[in-house]
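Enquirer: Spelled out from the first residue to the last, the chains are:
4 protein chains.
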Amino acid sequence: MLYFNNDYNEICHPAVLKKISESAGLQNPGYGTDSCCARAAELVRKKCAAPNAVVHFLVGGTQTNLTVIAASLRPHQGVIAADSGHVNVHETGAIEATGHKVILVPSRDGKVRPEQAAKIVESQSLSMDAEHIVQPKMVYISNPTEYGTMYSLAELEALSAMCKEKGLYLYVDGARMGYGLAAKGNDATLVDYARLCDAFYIGGTKVGAMFGEIVVIPNPSIAEDFRYLMKQRGGMLAKGWLLGLQFEALFEDDLYLQISAHADKMADQIRTTLADLGYKLYLPGDTNQIFVSLPDTLLAELGKEFTYANWEKADENNTVVRFCTSWATVQENVDKLCNALVHLSK
Amino acid sequence: MLYFNNDYNEICHPAVLKKISESAGLQNPGYGTDSCCARAAELVRKKCAAPNAVVHFLVGGTQTNLTVIAASLRPHQGVIAADSGHVNVHETGAIEATGHKVILVPSRDGKVRPEQAAKIVESQSLSMDAEHIVQPKMVYISNPTEYGTMYSLAELEALSAMCKEKGLYLYVDGARMGYGLAAKGNDATLVDYARLCDAFYIGGTKVGAMFGEIVVIPNPSIAEDFRYLMKQRGGMLAKGWLLGLQFEALFEDDLYLQISAHADKMADQIRTTLADLGYKLYLPGDTNQIFVSLPDTLLAELGKEFTYANWEKADENNTVVRFCTSWATVQENVDKLCNALVHLSK
Amino acid sequence: MLYFNNDYNEICHPAVLKKISESAGLQNPGYGTDSCCARAAELVRKKCAAPNAVVHFLVGGTQTNLTVIAASLRPHQGVIAADSGHVNVHETGAIEATGHKVILVPSRDGKVRPEQAAKIVESQSLSMDAEHIVQPKMVYISNPTEYGTMYSLAELEALSAMCKEKGLYLYVDGARMGYGLAAKGNDATLVDYARLCDAFYIGGTKVGAMFGEIVVIPNPSIAEDFRYLMKQRGGMLAKGWLLGLQFEALFEDDLYLQISAHADKMADQIRTTLADLGYKLYLPGDTNQIFVSLPDTLLAELGKEFTYANWEKADENNTVVRFCTSWATVQENVDKLCNALVHLSK
Amino acid sequence: MLYFNNDYNEICHPAVLKKISESAGLQNPGYGTDSCCARAAELVRKKCAAPNAVVHFLVGGTQTNLTVIAASLRPHQGVIAADSGHVNVHETGAIEATGHKVILVPSRDGKVRPEQAAKIVESQSLSMDAEHIVQPKMVYISNPTEYGTMYSLAELEALSAMCKEKGLYLYVDGARMGYGLAAKGNDATLVDYARLCDAFYIGGTKVGAMFGEIVVIPNPSIAEDFRYLMKQRGGMLAKGWLLGLQFEALFEDDLYLQISAHADKMADQIRTTLADLGYKLYLPGDTNQIFVSLPDTLLAELGKEFTYANWEKADENNTVVRFCTSWATVQENVDKLCNALVHLSK
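Chains as they are written, first to last, in the working numbering: chain F, 1 to 346; chain R, 347 to 692; chain W, 693 to 1038; chain E, 1039 to 1384.
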C-alpha cells in the first residue's frame, strides 16, 4: 500500500534522525533549558528577523494551539476561526476545555476574511448586551488552511491591520507552514509572519521532524510566563533537547524549505495529471494537499493500492478526497499514482 | 416610559411578595434543606406526574444551564443547540467556561430539528477521526425559543425519540415555560416534559417570581450529586427557602399558568393590532414575545414613550424589534401601545 | 427550636423588606444597570472613601469568591489561603473548578501571616523548577475569619505591604464584614479596606440582607470587564435592582453597622456566660461567632431546645461547637440560651 | 560535568534508538492506530496478566496524570495525594486546570496511608455540609515515590482494599516504575498493579525511552472514551508508532527490568559509600534516587564536577540533596562520584 492519505506517515527526514542519533551518550539538562534548544531558537529568530521574539518548542499541534490560546485570553474572551478550522473541527474541543469559545465564521476555502472578524467585533462591542456575549480577542487562522489554500501576503497584511485596529491578537497555525512557504504562489516569508502576527507556529511534525512544533511569539503579552502554561498543559517535553536537535537539523541550510518544495512539486505533478484527465479540483492551491472530486468507481479501484483521505460526498456517484504528499514522498510512488489515475480514467 | 422590552422589569407577583413577607421572623435551615423547598418540590413533582424526578431550585437561568450541562457531560462531550440558543449567544461563553463545546445547528426560528441533531451524531460517530471530534451527548432546546416560537408536542416527541435512539440527553431551557404552557397553540404539558426530557427547567424569574428557576431532572444519572454541582458553581442560595416560598405561591392554585395566560393574551392583542396594520411578524407565535419588522421612522417616535428591544436590521429603513409582555403587563399600557402603533402608522 | 447554628436563618431586616416591597409595580432595566444599583454603589464608594473603586453586587459568597478569583488570575497562578479558608474547605472546589490552585498555609486561628505568604512566593520564584510550580498571585483572607477571629489594622497593613512587595493581590472575603467592623476590638474601617486591598467584598446575606454581597475593586486590573465574568459564571442577577435596593436600605443611616453591633453584643453576653461557667473559648474573638468546647452530655440536653453547629471533637467527652448570633437575634432568646447553659452546667 | 541530578538526561537506550532508526522509510497510520502500538499494548497486557486492560501510550508524565484524572472524575470530585505528590508540587497546577482539587495528606516519606485517605472520605461524607466539600473519588500515589521510597505489596493491598471499600479509584504514577520493580526490597509485580489499581502508568521517559509512558487501565469506567481525552488534552502523538516501537524494544526480553536493575545497583553503590562515610540518608530506599544530607562545604566542591539536585536546607550548614542514577549511568562515573565523596569527606 502506498500512502497518500496524510503527511505524517513516515518517521522523519534522515538528517533529523542523524542529529538525534549522534546525540546518544551526551547528557543534557531537561525541559528545554539546554543549548540545543537555545541554538535552534536563535536560528528561528534569525529566519524571522525577530531578535526579540520568544521561541518555544512543543510536541504537537493541538497542544500548541490550546497552550497559545490559554496563554492569550482572559476567561470571557474567545477566538474567531473559520468553521473548517482545526481548533473547531479536529481537536475534540481542546479550546473549549481551556474555557474559551471558538467563534465561527463560515468559510468555503478555509480562510477568515478581515471583514468577517471585524463584523463579529463590532456586533459584540456595540451590543446593548455586550457583557452577555463572548468578547472576541483573537483571530485564529491556519496557513496553509485545512483545504490546502493559502493567504497571500496582501491578505495577511489586511488581516493583521484589522486585528490591530480592533484590538485582536492574530495567531497562525502553521502545521504545514513549510509547504506554504515553498509553494509556487506564495509571497509571504517568516519575516512577514513575525511582523504581522502576535503568535504563530511553524510545524515540524508534518514537515520532516519526528515530532515538534516551533512557537514564535512576537507579542510579549502572550509570551509572559509561557513556559508555565506549557508545563501545566502537559506540553513541556522532559528531554526538550530532542526538539532543539530536530529544528537545528531542519533550519540549518534551509533543509526545511527544500524538503517542503519537494513535496509541493510532487503535489503539482498529481494536480497536473488530474487536470489533464479533466477532473476538477475542489479548491485551487499549490501546497502539498490536493482536494478533488473523483468517481466512486475509480476510487474503489485506486484504494486497492493507494491510500487517500475521504473528505465528503460530492454527489451520489462522486466523493471529494484528499491526496497528500510530504517531504518523504518519492518520485517513483507519485509516478505510480499518476499512472493509476490515468489508467483508471480510461 | 412604559417597558415592553423584556419580561423581567418588575419585582414579582403580589402573591409571591406576600408569601415572602409573611415569612419574616421565621427561622429556617439553609441551602434549600428547609420544608418550604420540600413542599414546593413536591408540588412540582405532582404537576409533572413524576414522583421520582429530582427537583432543585436555582436563582437564574444561565446558572441553571451551566450547572445542568456541567453535571451531565464528560469532558469530551458537547451539547447541540440552535445557533440562536441562549447558551450560544447570551451567556458569555458560560458553557465553554465549564469546558464543553456548544455544537451549532442553523435555525431561523430558534428550533433544533431531530434530523439536524441526528446528522451531527452520525457524522461524528462514523468519522474515521471520531476521537478528534467533540462527542455530542446532549440536545439543548429552549421552549418557547428565543424567538417566541414553540415546539409542538409532536415535535417534542420526535426530538425525544431521536435522542433516545442516538444516546443523547434532551434538556429544555424553560426560562419562559409558563408563557409557552399557556399559549393558545400549545399542546404539551409539564407531564409531557417530565416524560420526554432528561432534564428541564421551569422559569420563575420571567414568570412572576422575584428570581428563581425550578430544575426538574427525571434522569437519575444527571441528578446524581447535583447539589454538589450547584454549590461548586455558586448557585446554591444560602436562604434557599426564599425559592421554595416563591414557587409554593406560584404553583398552588395554578397561579403560574393564570398569570402566564394573561401575558399571552396581552401579546395577542399587540399581534392583532400589528396584523391589522399590515405589519408582518418576523416569525409566527402566540407566546409573550412578538418579533416584528417596523419602519425606523415609526420606531423613533414610538421609542419616546415605550421601550422595545432592537433585534436586527431588516433592511435600510426597517428594523426587527421585540415587544415583550409579562405577568405584570396591565391592560391600560397595552391599549396605549396599540393606540400609538395605530396612530403612528397613519 | 431556637436557632444559634448560623447567621442566615431569617429572611432579612425589616428595612430591607420594606424597601423591596415599596418597589412593587415599578419598572427597572435589568442586570444591575438600574439607578438603585448606581445609588447603592455610590453610597459604598463614599463609605470607602474610594471614588474610583469599581463596585458590583452579587447574590452569594461562593459566587463572589470564584468570580473575583477567576477575574484576577492567569491560568498558571494560584491563590494563597489559610487551610481553614472558606475557598479551601466549603465551596466544593469552586476555585479549582475555575482552574486555579488554592495554595494552603496552616493556621490555627484562621489567619494568614505575611511571612507565610512571603515564604511561598520566595520558595516558588527562587526554585530552579519555578515553572513547574503554581505561581502565587493572590492572598485570600476572610475577615472576620471562619473562626470569628479578626485581623487588626496593623495586621492588614502588614499583609498589604507584603503583597505589594511580592506582587500579590490582596483579596478579603467579608461575608461577615459587618460583624467585624462593629466588634469591640476592631480598629479597621471600610476606608482601610479600600486603601489596603485589591478587592474585597462586604457581605449582605449574613448581615441583614435577603441575599447579596458587595464587591469593591480598588485595583483596575481586576475590575476590567468584571461584568463579563459575573455573567459567565452565572452571577448576574436579572432583576439586579433587588440588590441595589437592599444595600441602599443597609447603607443609608449606617443600619449595616447598627445591626452588626447588636449581634456582636448578643454574642458578648453568651461569651461572658460561658466564661463565667468556666468554659474555655476555642479561640478569642468578639464578633458574632463563638467557638467553645462543651461536654457532650450538656450538648445533648441543650440540643433539645437550641441549635448550634458541631465543629470538631475536642476529646472523648467534649466537642467544639459554634454558636452564632445575627442581626435577627433577639435578647429574649439569648437570655434563654444563657439560662440553659447555666442550668445545664450545675 | 557528570550528571547525577536527574534520570532523564540522556536520549534513550541504544535498543530503543535502533528500533526507531530501523523504522525509517516505513509508512504507518497515525495517532496510535498502528500495528507497533497494538503489539506493544499486547506485550504490556501479557506482563500484567490483564488481558482486558486498556493500554494507551502518552508522551509525558504530567500529561498522563492530568488525562487520567480528567477521565476519571466528575466536576465536584477530587483526588487525594501526599503533599509531596508530583500532581501537587511539580505540575504547575495541571490537575486544578482540569477543574479538580488535589486533597492533601501530610507525608514525610511520600506515601499515602490507607487510614489517611479513609479519614478524608469519612469526614467528607459524614459532614452535615457534605455537598459543600469536594468529594474524594481517587487516591493518587507515586511508586516509587518522589522520595525514592516504595510501597510494599502489603501496603498496596491495604490501600487497594480501603479504596474498594470507600468507593475510591486507586491510581499509581509509575514515572519510575522500573526502578521500583527492580529494587532489592520490592515484592510487587506488574500483575499486582493490574490487579490492585484502577489505572496506573509505567514510565518510559525516565527508564530507557526517548519519551513515553504506558497507561494501563484495568477499570473500564475510566477507560471509556479515553482516546477522546488524550486528543483533547494535547496528548495524542501524531506519529504514535514511535511510542509503540520504543515500548516494544523495552518490553521484549525484559530489557526494561534489566536496565532498571542496573540503575538501582549503581545507586546502591552510592548509598553504601555514603553510609560508610557516616552520612545519614534522609529516607531509606533502594531505588535509583538517593536523598541525603551533606555539608554545604562538601557540596560546593562536589558541584564543580558533578551535578546533583538541591532538595531543601537541612540546617545552617547542611543541605538535603538528591543523587539520581539511571539506565544510562556508567560504572566509571559512579566510581568517580564515590571517590570524590570519599576524598571530600576526609
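I should point out that these hints are in silico values taken from the structure, not numbers from a laboratory.
From a predicted model like this one, the values you see are computed outputs, not experimental measurements.
One should not assume that every hint holds.
Claimed, not checked - Taking lysine-lysine and the DSSO-like style, the derived pairs with C-alpha atoms no more than 30 Å apart in a straight line are:
| id | chain 1 | residue 1 | chain 2 | residue 2 |
| --- | --- | --- | --- | --- |
| 1 | F | 346 | F | 313 |
| 2 | W | 858 | E | 1157 |
| 3 | R | 465 | F | 313 |
| 4 | R | 364 | F | 313 |
| 5 | F | 313 | R | 510 |
| 6 | W | 739 | W | 1005 |
| 7 | F | 47 | F | 119 |
| 8 | R | 512 | F | 166 |
| 9 | W | 856 | E | 1157 |
| 10 | W | 811 | E | 1202 |
| 11 | F | 336 | F | 184 |
| 12 | R | 364 | W | 710 |
| 13 | F | 119 | F | 18 |
| 14 | F | 265 | F | 119 |
| 15 | R | 392 | R | 659 |
| 16 | W | 1005 | E | 1202 |
| 17 | W | 856 | E | 1342 |
| 18 | E | 1157 | W | 1005 |
| 19 | F | 47 | F | 313 |
As the list claims (entries may be wrong) - Stretch by stretch, here's where chain E covers chain W in the computed footprint (C-beta under 8 Å, at least three residues):
| id | region |
| --- | --- |
| 20 | 716-723 |
| 21 | 819-826 |
| 22 | 851-859 |
| 23 | 867-877 |
For each residue, glycine too, the CB sits at the ideal point set by N, CA and C.
Enquirer: Each hint needs a verdict: does it hold in this structure or not?
Expert: For each hint, the structure was consulted:
Pair hint residue 346/F plus residue 313/F holds up; C-alpha atoms about 23 Å apart against a cutoff of 30 Å. Between residue 858/W and residue 1157/E, the direct Cα distance comes to roughly 37 Å. Violation of the 30 Å bound is thereby established for this hinted pair. As the CA atoms of residue 465/R and residue 313/F are separated by approximately 14 Å, the hinted pair is consistent with the 30 Å bound. For the hint linking residue 364/R to residue 313/F, the alpha-carbon distance of about 63 Å lies beyond 30 Å, and the restraint is violated.
The straight-line distance between the Cα atoms of residue 313/F and residue 510/R is roughly 28 Å, inside the 30 Å bound, and the hint therefore holds. Of the supplied pair hints, the one linking residue 739/W and residue 1005/W is violated, its CA atoms being roughly 41 Å apart against a limit of 30 Å. Of the supplied pair hints, the one linking residue 47/F and residue 119/F is violated, its CA atoms being roughly 34 Å apart against a limit of 30 Å. A distance of roughly 42 Å separates the Cα atoms of residue 512/R and residue 166/F; the hinted pair therefore is violated under the 30 Å criterion.
The straight-line distance between the Cα atoms of residue 856/W and residue 1157/E is roughly 39 Å, outside the 30 Å bound, and the hint therefore fails. Straight-line distance between C-alpha atoms of residue 811/W and residue 1202/E comes to about 39 Å, which puts the hinted pair past the 30 Å bound. The straight-line distance between the Cα atoms of residue 336/F and residue 184/F is roughly 24 Å, inside the 30 Å bound, and the hint therefore holds. The suggested pairing of residue 364/R with residue 710/W holds, with an alpha-carbon distance near 12 Å, which does not exceed 30 Å.
In summary, the hint linking residue 119/F to residue 18/F is not supported, as the alpha carbons are separated by about 50 Å, beyond the 30 Å threshold. At most 30 Å may separate the alpha-carbon atoms for a hinted pair to count; residue 265/F and residue 119/F exceed this at roughly 38 Å. A distance of roughly 45 Å separates the Cα atoms of residue 392/R and residue 659/R; the hinted pair therefore is violated under the 30 Å criterion. Taking the CA atoms of residue 1005/W and residue 1202/E, the gap is near 27 Å; set against the 30 Å cutoff, the hint holds.
A C-alpha spacing of about 38 Å is found between residue 856/W and residue 1342/E, which places the hinted pair above 30 Å, so the restraint is violated. Distance restraint check for residue 1157/E and residue 1005/W: the Cα-Cα separation of roughly 14 Å lies within the 30 Å cut-off, and the hinted pair is therefore satisfied. For the hint linking residue 47/F to residue 313/F, the alpha-carbon distance of about 41 Å lies beyond 30 Å, and the restraint is violated. A count of 0 residues in the region 716-723 of chain W with a Cβ less than 8 Å from any Cβ of chain E is obtained; the coverage claim is therefore unmet, three being the minimum.
Taking a C-beta to C-beta cut-off of 8 Å, the region 819-826 of chain W contributes 6 residues in contact with chain E, enough for the three needed, and the coverage statement holds. Counting residues of the region 851-859 of chain W whose beta carbon lies closer than 8 Å to any beta carbon of chain E gives 0, which falls short of the minimum of three for the stated coverage. Requiring three or more residues with a Cβ within less than 8 Å of a Cβ of chain E, the coverage given for the region 867-877 of chain W is violated, as only 0 such residues are present.
The structure is inconsistent with the numbered hints 2, 4, 6, 7, 8, 9, 10, 13, 14, 15, 17, 19, 20, 22 and 23, although it conforms to all the rest.
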